[in-house]
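Engineer: Chain by chain, the residues:
Number of protein chains: 2
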Amino acid sequence: MPEGLVSFPKATIARFPLYLRALTEYSHQNIVLVSSEEMAQKVGVTPSQLRKDLSYFGSLGIRGTGYDVSYLLMKIKEILGMDRKRRLGIIGAGKLGMALAGYSGFQQHGLEVAALFDTDPTKWGPVNAQLEVFPLTELAAQRAKLGLDIAVITVPKAEAQRVAELAVEAGFPALWNFAPVRLEVPPEILVQYEDIVVGVLTLSHHLARKLGS
Amino acid sequence: MPEGLVSFPKATIARFPLYLRALTEYSHQNIVLVSSEEMAQKVGVTPSQLRKDLSYFGSLGIRGTGYDVSYLLMKIKEILGMDRKRRLGIIGAGKLGMALAGYSGFQQHGLEVAALFDTDPTKWGPVNAQLEVFPLTELAAQRAKLGLDIAVITVPKAEAQRVAELAVEAGFPALWNFAPVRLEVPPEILVQYEDIVVGVLTLSHHLARKLGS
DNA sequence: TAGATTGTTAATCGATTAACAATC
DNA sequence: TAGATTGTTAATCGATTAACAATC
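Just so you know, the protein sequences line up as chains A and B, in that order. Sequence positions in the first sequence follow UniProt numbering and run 1 to 213. Sequence positions in the second sequence follow UniProt numbering and run 1 to 213.
Accuracy of the hints is not assured; some may be wrong.
One copy or two, either will do: identical chains are not told apart, so a pair holds if it fits within one copy or between any two.
With a straight-line cut-off of 25 Å between C-alpha atoms, the simulated DSS-like cross-links for lysine-lysine are [claimed, not checked]:
#, residue 1, residue 2
1, Lys10, Lys52
2, Lys75, Lys42
3, Lys210, Lys77
4, Lys145, Lys210
Keep in mind that the hints were calculated from the coordinates and are not lab data.
Using the sequences and the hints given, assemble the complete structure.
Structural biologist: Have a look at this one:
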């Protein structure tokens with residue numbers, strides 16, 4: 001299927017990070033080939049769905065044989081934009097912001113926390129050898145200087161909208177928002193919402209139905 | 001629509017925490033009535049979708065008038081199982097586990113971190129006045145004693161499956177898994193997966209398409 | 001060639017939206 | 001009653017699955 005300017009099912013894209021992980025593991029185990037059957041089972045989807053998902057991006061397997069692990073790994077990294085390093089700027093150097101800054105899982109996915117920003121002067125300064133908390137007023141300057149791609153919003157709910165607007169003005173093309181509010185931004189800005197409470201509340205709902213309370 | 005033993009669209013349930021938040025805010029602002037139009041706009045869904053979602057749980061509004069904020073709030077809390085307090089036991093007192101234990105947003109959603117567990121003896125003991133890290137061997141005993149409902153898995157990937165099995169043996173009906181692996185558990189056990197990297201990688205994908213790299 | 005497994009089509013399933021009758 | 005807004009139906013849209021032809 002030719003690519004062109006089409007966009008792909010949201011649900012498909014959301015499964016690619018899972019495929020990525022499975023393939024990384026196969027690669028570490030020196031497994032060279034996998035079938036859709038085997039990999040689907042590992043990831044928890046149907047073989048049909050796995051093949052369909054991959055087919056949106058071309059003919060990535062070998063009929064009668066399966067998928068070449070390292071080739072597919074490369075393609076999926078490309079699809080997820082991991083062939084180029086993405087730099088994150090975290091706005092809000094509170095508990096959550098600092099916890100994210102210290103998260104070790106980003107690196108292996110081509111992501112790097114390159115700066116933090118805060119309005120509180122007591123927080124300004126180096127965090128470690130590679131990382132510094134800057135005044136929020138330096139957002140635009142540091143975005144350009146450090147080549148930041150994604151603004152991570154970890155400020156309190158009440159400040160999230162204002163901070164989002166600052167990030168847009170500063171030239172960020174994408175926002176990753178941890179504040180539990182809907183952001184009003186121009187349509188060309190990409191926004192990803194992250195909400196820790198949604199998952200556990202749906203669990204709570206199912207628990208209530210299951211236990212009858 | 002009568003309830004019976006039917007289950008509701010997953011996507012519908014996932015939107016209820018958003019409705020909950022909007023209603024909580026209206027309530028704080030002493031707003032008594034809202035229309036589906038107004039509330040949908042705030043949450044970022046269509047009015048049709050909001051009304052459809054609510055309609056699965058009965059006739060919760062007043063035709064010609066709108067929805068009574070406090071009544072709807074009560075119903076949604078009920079639907080999400082928030083009428084009863086849910087107690088969480090966090091397995092893995094590492095960085096992530098401790099960060100979750102300190103998260104202040106749980107309380108207002110009827111959730112409470114009531115215990116932590118770890119195999120490392122240097123971590124055992126009180127965290128603060130209300131919270132203690134227990135040896136993992138005490139999982140079953142403390143689950144029963146403290147009335148824990150949900151096991152939160154924050155151990156490294158390699159240990160997640162083993163820990164999940166221990167939690168099931170200990171009698172937990174639900175698991176909230178932060179380790180990036182699929183868990184094999186009996187079908188009656190509820191499992192919710194949480195994966196911080198999925199969101200930002202889909203953002204990275206869209207960014208790659210948007211910027212052409 | 002025979003066996004295996006992909007890539008793709010068509011059928012099915014589920015979720016969203018638009019429109020409007022019901023009713024406050 | 002007239003105006004407003006819900007609850008619900010039917011149409012649309014999108015995603016998943018099953019089946020199989022293509023092909024290694």
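Engineer: Among the hints numbered above, which are violated by the structure, and what are their numbers in rising order?
Structural biologist: none
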